[in-house]
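Let chain Y serve as the given structure and place chain E on it in line with the hints.
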Amino acid sequence: MFKIKMSDAKLWKNLITAIAALVDEASFNVDLEAIRLRAMDPSHVAMVDFELSKTIFDEFVSEESTKLCINTSEMLKLLRRVGSDESIELSVDPKTARLNMVLRSKYTRTFSMATLEPSSEEPPTPKLSFNSRVKTTATFMRDAIDDAMRISDYVKLEASQEKFTIESKGDLGSASIEVEKGSEEILNLDVKEPSRATFSLNFLSEMIKAASSVSDIVTVEFSTNMPVRLSLELPQQGKFQYYLAPYKE
Amino acid sequence: MPRIKDAVPIIQKGLSEKKAIIVIGECSVDYVGRASSKLKLGDRIVIIKRDSSILVHRPRDYSPVNWQPPGCLFEIQSLNDFLSIKAVHKKSKETVNISFKRVYTLLVLDIFDTGEFTLYASEEDMQRCILSHPDIIESGLKVISYEKKIEPGFVDVYCLDSLNRLVVVEIKRRIAGIDAVMQLEKYLEAVRKYSNREVRGVLAAPGISRSVQKSLVALNIEFKPLSPKKCAELLRKTSESKSLEKYIT
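Just so you know, the protein sequences line up as chains Y and E, in that order. Numbering follows the numbering used here, with no gaps: position 120 of the first sequence is 120. Numbering follows the numbering used here, with no gaps: position 71 of the second sequence is 320.
If we strip away everything but chain Y, and leave its shape as in the complex, we get (with noise of 0.2 Å):
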């Protein structure tokens, strides 16, 4: 038995996208506490490491740990003229082992779909220490990947203890967009060791842009030419993390 109950479709449609941002075939632990995901992009090169815990639902009904497969891009279609006043209620038909999707606003709206068969094997999470750790506005640094697109396919992130800084360098010119720290887009620049590292914006910008529907406020953790991990403030006990692999310079 599997039941799940959110006020907020929107916020449930707006996490979905951030995990299509990455995989197509989303697979989610459900136990007696939580739902889960852990899973990595095909060219496993990127990570969504994403929990919401019962709390943050207004009904959270699960007997037994379980498993709920589905394609990312299914839901989201369904998804897609979802209202900010709807609420989502989700749960799984044990018979025919598809997903029920009901949407209430003034209206009720019922959906089916298939459930995939549920993937083998979760990855660990990477284990890192990060060394500069960059709270900040999620509109600045969509501004920010935004213009750094512009340039080049990469971007170097870059993090000292007075600043931090977005480059990108291409063919035909170069950008540089530098907040310093006690700047209103800064909310904390925690930076144990100077750290640079380039990423790829193909990555970078998907996340980013999922990001900010779901947060105002991202977290960019990183250390000299190590991974990134872009954390996301969710409402109450939730976690959202992006992990990206740094570019091969």
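Since the hints were derived computationally from the structure, they do not count as laboratory data. Where hints are given, some of them may not hold.
Derived, one-sided and incomplete: chain E residues facing chain Y with beta-carbon distance under 7 Å [what the hints assert, rightly or not]: (1) H382; (2) I385; (3) K486; (4) T487; (5) E489; (6) S490; (7) K491; (8) S492; (9) E494; (10) Y496.
Just so it is clear, CB atoms sit at the ideal spot from N, CA and C, and this is done for glycine as well.
Using the frame of chain Y, we list chain E on its own:
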């Protein structure tokens, strides 16, 4: 610089032998068809291709100023000291009249080009993509072998799934038709003969033609949508960024 009256028989001979012809010189161009245009004297590059298409290029711009698709009839003559090339398109009844005052260069070329043009990935690239990322077909899939000789030919990719069943993957870079299904079925029959294990057949292609859907069901062959574009993207992503797996173990 070839004389006009010498150029006429050379071009005529080239056309009758279906050769590629390039004429560079000072000319004017008149076009009559669905619209009409006049282009006054100037230096142009005229290309007649082996399929009887014609293009008139000016010294600038990437696209031709006048052109006709394959299937033109040509009339070449010397008129009042001008070299006249008249191209009439058989179907559309459109006419391009080119009148050369001077010919700087005339090339009649016996050139061949049989190379296949692929916009994204070739079938080999798709195979390479599946070999390095079997997840793209199905999570938990392990590759055992590729180009494995199994009468009557070679199996594209040979795998084990998470339940230890054999999986024969046939790759097509275009919409798969009945030929692809029959080819795969032959391999499956051959594999079943020498193995006691359960054998699955997976057809990986951008799509399947409607007529084969029934055969897929009847033969219990699975279809996995996989486009050359997606493979190309994945190969590119993996080539430019490091793998996150490196940081997990």
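Report task. Report holds or violated for the interface hint on E:K491, using the least CB-CB distance to chain Y and a cut-off of 7 Å. Result -> holds, 4 Å
Requested in this report: Would you check whether E:E489 satisfies its interface hint, that is, whether its CB is within less than 7 Å of any CB in chain Y?
Outcome: holds, 6 Å
Query raised in the report: Regarding the hint that E:S490 lies at the interface with chain Y, is the smallest CB-CB distance below 7 Å?
Result: holds, 4 Å
Requested in this report: Please verify that hint: E:T487, Cβ, nearest Cβ of chain Y, below 7 Å or not.
Outcome: Since chain Y brings a Cβ to about 4 Å from E:T487, closer than 7 Å, the hint holds.
Requested in this report: Would you settle whether the hint for E:S492 is holds or violated, based on the nearest Cβ-Cβ distance to chain Y being less than 7 Å?
Outcome: Nearest chain Y Cβ about 5 Å off; hint holds.
Query raised in the report: If you take the shortest Cβ to Cβ gap from E:H382 to chain Y, is it below 7 Å?
Result: holds, 5 Å
Query raised in the report: If you take the shortest Cβ to Cβ gap from E:K486 to chain Y, is it below 7 Å?
Result: Constraint on E:K486 satisfied, holds at 4 Å.
Query - Interface restraint verdict for E:Y496 against chain Y (beta-carbon cut-off 7 Å) - result: holds, 4 Å
**Report entry** Hint check: 7 Å Cβ-Cβ cutoff, E:I385 to chain Y
**Finding:** Status holds, d = 5 Å.
Query raised in the report: Is the interface hint for E:E494 satisfied, with its Cβ closer than 7 Å to some Cβ of chain Y?
Result: Holds, about 5 Å.
Violated hints: none; the structure is consistent with every hint.
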